[in-house]
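Participant: We have chain A; now place chain B onto it with these hints.
In the order they appear, the protein sequences are chains A and B. Residue numbering for the first sequence follows my numbering, beginning at 1 and increasing consecutively. Residue numbering for the second sequence follows my numbering, beginning at 1 and increasing consecutively.
If you're looking for bench data, these hints aren't it; they were derived computationally from the structure. As the structure is a prediction and not an experimental result, all values here were calculated from the model. Do not rely on the hints blindly, as some may be mistaken.
Said to hold, decoys possible - Per label pair, the in silico range of CB-to-CB distance:
1. A:D8 - B:E299: 23 to 29 Å
2. A:Q2 - B:S83: 23 to 29 Å
3. A:S84 - B:S83: 25 to 31 Å
4. B:M1 - A:L357: 21 to 27 Å
5. B:S9 - A:N203: 43 to 49 Å
Said to hold, decoys possible - Straight-line alpha carbon distances no greater than 30 Å define the calculated DSBU-like cross-link-like pairs of lysine-lysine that follow:
6. B:K294 - A:K55
7. A:K51 - B:K294
8. B:K48 - A:K48
9. B:K294 - B:K358
10. A:K214 - A:K291
Glycine is no exception: its CB is placed at the ideal position from the N, C-alpha and C atoms.
What follows is each chain in one-letter form.
2 protein chains.
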Amino acid sequence: MQFNPILDSINVYEAGKPIELVVREFGIDNDDIIKLASNENPYGCSSKVSKALQKHADEAYRYPDDSMYELKKNLSDHLSIKSSQLIIGAGSDQVIEMAIRAKADSDRPILMNSITFAMYSIYAAQVGTPVVRTSSLEHNLDEFYELYADQKPSIIFLCTPNNPTGDAINTKELIEFIDKIDRNTLVVVDGAYMEYASAKDENYSVAAHQLIEKFEHVLYLGTFSKSYGLGGMRVGYGAAREEIIEALYKMRPPFNVTTLSLVAATAALKDGEFMHKSIEKNFEQMELFEKFAKDNGFEYIESYTNFITWLLPEHLDSSELSDALLRQGIIVRNLKSYSMNALRITIGTPKQNQKFLKQMQRLLD
Amino acid sequence: MQFNPILDSINVYEAGKPIELVVREFGIDNDDIIKLASNENPYGCSSKVSKALQKHADEAYRYPDDSMYELKKNLSDHLSIKSSQLIIGAGSDQVIEMAIRAKADSDRPILMNSITFAMYSIYAAQVGTPVVRTSSLEHNLDEFYELYADQKPSIIFLCTPNNPTGDAINTKELIEFIDKIDRNTLVVVDGAYMEYASAKDENYSVAAHQLIEKFEHVLYLGTFSKSYGLGGMRVGYGAAREEIIEALYKMRPPFNVTTLSLVAATAALKDGEFMHKSIEKNFEQMELFEKFAKDNGFEYIESYTNFITWLLPEHLDSSELSDALLRQGIIVRNLKSYSMNALRITIGTPKQNQKFLKQMQRLLD
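Extracted from the complex, chain A is given alone in its bound form (with noise of 0.2 Å):
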């Protein structure tokens, strides 16, 4: 059977590896693995969260509300914006997909970091739209203004705190930056780990209100799926004017968020001591690989997220390093794959990061 050409140059997404599958190929007690590859919130969800899911377990068998007033008018009253300046999305990944979808042409590229999220540019290739690419690993806005004026692009990705390396852009430059791109160009702002950007530097805080009161091109997007702690719930959100947001619920599917999920969203958004503390937690840890990485001479990215990318010298190899960790029961995100001879971990509790951090100073010796 013949398909849509564009299928010859699409990729199928690979997955982390799931710990079933790992428990499998070694045999491991799945209470031995340690999952430190997909940036979940390691304390994993609110309580409130998971006691709203129970209650609520039993309408299962009911339509999700399909305007998601309750999730909305919540979620538009955090983020000091109007509920019709929002859209959900299952998981932010979806309103990627819509956003091009609803924006991107043929003739004109989509612009994004030299590595940033991968689901940019599968989307793009979905839609048989090309990429442009800076060389720098961290965004260099300078190099996306060049590149945004050479090649006219019809979006613009900027990932801050961006995935798979943990930088972020600063706020005042971020908003310059935008500033100086035409009103025709969609800017997409992904603060999917957004709320750990903000609880380390307010120089690096971006909220998705200042962006919409200011431009009329910019599409913030923000996500349940990290700190908030529902990775598995898929609910994540677009926030932009109004003009925008009617063209993506144009792509959107109906009912693309479950019953349980918008229940959940709206549980996760009302125990902000939760996501706080987990924050908090979070950058308190994060120290111990800081110090890791310095004592064995290595270098790493400074990270505004849940995890971080430590930067391998040449005499380590990522890929042998990470199939040993494998074989231990821990799973880290080799970067290979993004041309780096580079390990993203996840930063988890207390106790898996020590187990990591000694097993890892095994492999090292």
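Facilitator: Quick look at chain B alone, frame taken from chain A:
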């Protein structure tokens, strides 16, 4: 801002009115509302499902197993096909979307019944592919063949039993039809309500394995939203030969099914008894709706599903009737948007049905 010109021709899908909004509008108590509009399983979900959801609620933080190993293993056993012949979607809706994006092209239209599931044409519009429809109310395979021969569609959608009309295609005729279609045209057999049809009359029963064994150009769709009682969890599937499944996988967004949806669907599969009892009660109760129609001089379409479509006589207006019902807290689907003077009513629980029929009789008297 300029967007993809395709957006100009897209209407946003209007979902059934969420119960919560009706409550707000008419000040009706939540417990007094009867929703017979979305063809959910009125008996809810299996208690095994709600127990599994409660048990796994605190896993909401963990990304789904994107290989969907457990669910695919259980489902492929259940369907007597290989795991590699399955793709899981966020509802079978998403498999429809993936199929259209993977197969449709702008030169060939998509062929479907005059009145059928709305999502086929919505996703067709999103990729800008034209739609051709038969003129008959029920699937007329001769007419389908004529249009096929004339229009050379890329995809033919057959919805059996059909939503929103409830009629089904005879299995033998279906298979003869598919055999006449060239192997570069994808035939999608949407069996969202198939469990009901199979229970009612084996002459209208189609099994995924039966189609896959015979045909290389068929995609069978099934869902957990209807008889399995998981409308809120968004889990459906496509079953086909590997060549088709691999193409759809390229258009699949990663992590498209939530962690708890995988848990729910796997648990639902293991409680066939709940499903079979729901179906048995469904057809017992449907007799009351058939009798009511006859007693009041309506036509109705013989239904192989968990809903019935009443074709109203000229002096009764479906919009007026559904509005009047709404004010009593009863929600049914008015089919005016399909250019039918008809109501589609989900067969509810005995108590719901009694209340609905009583209220309906009052409106007619």
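Participant: Look at each hint and say if it fits the structure.
Facilitator: Tested hints:
no.	hint	in the structure
1	A:D8 - B:E299: 23 to 29 Å	violated (50 Å)
2	A:Q2 - B:S83: 23 to 29 Å	holds (25 Å)
3	A:S84 - B:S83: 25 to 31 Å	violated (43 Å)
4	B:M1 - A:L357: 21 to 27 Å	violated (48 Å)
5	B:S9 - A:N203: 43 to 49 Å	holds (45 Å)
6	B:K294 - A:K55	violated (42 Å)
7	A:K51 - B:K294	violated (48 Å)
8	B:K48 - A:K48	holds (23 Å)
9	B:K294 - B:K358	holds (15 Å)
10	A:K214 - A:K291	violated (40 Å)
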